[in-house]
Amino acid sequence: MSTAVLNDPAEKRSATTAGGPAPIHRKRRDPMAVGMAIFGVLVFCFLFLPILVIFIYSFNTGRLLAAWEGFGFDAYINAAGNQVIRGSVMTSLQAALGTAVLSTILGTLGGLALARARKKAKWAAILTGLLALTLVTPEIVDAISILPWFVSLGTDFGITPINNGMVRLVVAHTVMSIAVVTFIVRARMQGTDMALEEAAADLYATPWNRFWQITLPIAAPGILAGALMSFTLSLDNTIVSSFVQVPGNTPWPVYIFSSLRVSLRPEIAAVSTIMLLLTLVALAVVALVLRRMGESSTDIAKTIAGT
Amino acid sequence: MSKFSRKDVGAAALSFPSWAYLVFFFIIPVGLVLWYSFGYKPDLFTAHSNSILSFDRYIEALDPTFLSTFINTLQIAGLGTLICLLIGIPFAYWMAVKVPVKWRGLLVALVLVPFWTNFLVRTLGWQIMLAPEGFVSDALQNLGVIGGPIEILYTRAAVQLGVVYNYLPLMILPLFVSLDRAGASLREASRDLGGNRWRTMFHITLPLAAPGIISGCLLVFIPLMGDYITASVLGGAQGNMVGQLVANQFNSAQNWALGSAMAVMLMVFILLTVAIVGAIYLIIRAILRFNRRVLIEEPAS
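One line per chain: the protein sequences are A and B, in this order.
Letter by letter, the first sequence follows residues 1 to 307 of my numbering.
Letter by letter, the second sequence follows residues 1001 to 1301 of my numbering.
Please note: incorrect hints may appear among the correct ones.
Derived list of chain A stretches under chain B, where covered just means 3 residues or more per stretch with a C-beta under 8 Å from a C-beta of chain B [said to hold, decoys possible]: (1) 37-45; (2) 213-223; (3) 280-287.
If you're looking for bench data, these hints aren't it; they were derived computationally from the structure.
Beta carbons are placed, not taken as given, at the ideal position from N, Cα and C, and that holds for glycine.
For reference, chain B alone in the conformation it holds in the complex (with noise of 0.2 Å):
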């Protein structure tokens, strides 16, 4: 008994630089800005004081330009990891189902390329095509697709194109990963079992990739929320994002106490979302498990 608790007692040491930096970096800082959200602006001169205070910060945050930031936000980051869904479920399906083993790490690898390229180049290459006088619009003009020139660069629709493509392969990889895992043999005994292709899909495959779903939502939901590099790029004047106007309140407002209330607001919302689409996986996964249950019939006497 002693030599386990002794062997925890090792364990929790060899943890103890990760647990200091944290603190340091981490814990105290963010601790601050939560300090900060309760202060003032004194003056234009001051970036901040907390000699009094209140929650005011918290009311003037949720002004109509905040809020509409805050839905315009909102709706990008949300409809951008469903479009993220949607391609990334048949594409990781099919690089973890059809593609022949010995190419899978090679298809993979391929997928992490864009993951590798600096986030911002990555996003200035859709500025070049997307521009009016690009080399697409002019392609397109002259195959007559299009009439005058393309515009869609420093529109919403150009933000959107923009966060699907930054965050797709954050999508991918955890759902290939469980796909990958979720395992041939079972489809194929319920394809011997006479499940047909639908049923094998929604009784075995989706269930079984759940986790890889959940996560992958999350890894692109919580950076979308806060990113606004893709909307300052793609978006111009339109692209406006809560990260953005954290940022300003910081950079030309000098405003710290309303930025960190803005940022305080920001994290707690994402908490709760992660909060609930944790919830709401423990709940389906419990009324599944319930379904799926065989029941073994008492034999008829």
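So that you can see chain A by itself, here it is in the shape it has in the complex (with noise of 0.2 Å):
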């Protein structure tokens, strides 16, 4: 009893002036850091809960989604077994592929200009201004616009190839994630100096090589890390895709989406839990990636983020 009363307003004191070097001293946790950490494990439960719950009715042998009769591996059966199914995935993948591709390949070459240009360059200022444009647009608005103007595209003007269902899902996928690759690679890029560059330049190395060996390789973290998200975010994109698909060519979200109204199964759980371990399988792969670059964790998170 009198050890505690005589040691309280040491270990008070030594609570107080934590916070220097020596984090022995601070064995003892501040109230608040606890409420804190109580209160971010809330917020991941937060998080994780609607999640846990697809992942757990995706064994619900029942005929309804909602519905809970038993577990079973039915739903990924059905789900493996279902035409319609089986062919909106591979539309959705196919389609975020393409555009993958093609953001990428528009980013990393206006990333890399932006990254170029002189501080006051106007062509520049405007292009990332447009480039903001098309973030702050709500997905609606791109919807609507783009949808009459792929019909006087594929009718009008007889661009016939715009008529086909992969290409317009690419095309209206790709207006919106190119801002994204772009800022990525931007950011990628103006955190290194040029000196290299101009070293290879000063070494007699072709344009050509400069780019391959030097500039690519300084900049292939967060090309990989636009690819990425590029590839999520046409993987997740409901509404334009509901606006320009073509019959035949319904990609995974609108399926889910039209379902709605008629009836959900559990079919779409399963195949949402499949999708979704492989998305973290992709996710693990190229974190792995960057590490093996040297990147550290949080700067991969950050790269990955797009932040």
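Bring the two chains, given one by one in their own frames, into a single complex with the hints.
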């Protein structure tokens, strides 16, 4: 009892002076930190709860997603055997791949250009503004503006490829992800100085070699993150896809959205679970590649988040 | 001098594909929508005509239905942004400051997982949970917390919950990045100089996190204003959003002029919001800088 009383002021003092270099003094965690940790864990629970629910309900053997009947793999088997579901997932994956390729090419060129622009170059300022404008444009505005344009391009101007559902999806999705890739690549290139490229030029490297051996390796983490980002943005897109899609090329989110009005079946949860797992594997691979390139974990997360 | 300009021309040329693409697939279509908004719907079977130009569609769009939906959307978006911010600030602070460095990457990755899960599917997860016959409802009834089945699905509260959930990662990430950049050394210096927890918070951490707060709020608010997916999954008939009205004009009503006018107004509203938020940020920053200046007093003679 008496020792406790004696110890108390000393401990209090050490708690208030903590923050210095010696972490040993922090043995007693202050209530604020504990409270924040609890809050943090609660937020994580909130963030993961619906995903967990979808994961669990993917094993529902009932006919309706929300009405639990029993545990089984029926939904996975049914989904694999369902032609429409398989087709829409394939459509989504192809469109996402196409979008990733197209917007990564455009975004990488644009990002490199912006990173090299003179500080007061007018074209760079306008391009940045234009890209920012695509970012703040609500999806529904993109959707309603591009559909009539596609229709008139395809019929009035006779550019028939635009009538193809896949082309439409890729073109429309790229409009929305080009800015993300451009800004990620620009951020990446602005962090590095141009001395390496200049050195290569001084050593008589051709512009082509300079690009492949110096610029591209430096930009690679940003390009990779941008590609991943545009892939997922395309995979996730519902509103624009539902406008521009052509029957026979219905992407997966549009399929879900339309079955919302009819009936939601556990197959949707099963396919979503598989797609989430695939996305996580892809993320892990990208994180691993970035780590090989010598990035720190926080940097990797930031790069992937596109911030 | 000429070397510099040649370099700049090279950079400009590199950006040509982006330019061409954006002009062709963004500027022209959006310009067309602006053009359509001055037209009209000639008859039941024609979607659009621009033979007579007028501002009538804007007046037509401002009818009570549109206005009430717009205000509804604005309230949901505004409140959603505020709740996201209130959850996001302490959470991002915890991640960026309190959590040991080696865990940070993992936690950011975990925040990203919902972000990488399909938007619709996440919302469906909530639909299952909030259903009156769902397991949450059953559990709460068995525990005696509530008398009857929960009645939250297809209400405004459900929509609000859904949007907060769906957009929270977009708030957390920029907040985390800005708080992480703000740096431990400045906070430590403040503490060493006698600043207590709150002083450090309000004089060091929050001002440094301001860019993150601004971009987080915009990242949540802007897409939220146009989103109608969350609302139609969780709100049913109650969850009417502006985006839905615009979509209806193009999908079912086939009145392109009216839909375009609504879309233009939505777009103008969002651009105004961005401009106002940007201006407020610049003003606050200027005031803070002015107040924060250290004045070295002249020695008394």
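Against chain B, does the stretch 280-287 of chain A show at least 3 residues with beta-carbon separation below 8 Å?
-> That given contact holds, which follows from 3 residues of the stretch 280-287 of chain A lying within Cβ reach (below 8 Å) of chain B.
Taking 8 Å as the C-beta cutoff, is the stated coverage of the stretch 213-223 of chain A by chain B satisfied by three or more residues?
-> Violated: only 0 residues of the stretch 213-223 of chain A have a Cβ under 8 Å from chain B.
Between the stretch 37-45 of chain A and chain B, see if three or more residues pass the 8 Å beta-carbon test, and mark the coverage as holds or violated.
-> holds (count 5)
Violation of the numbered hints given earlier is confined to hint 2; every other hint is satisfied by the structure.
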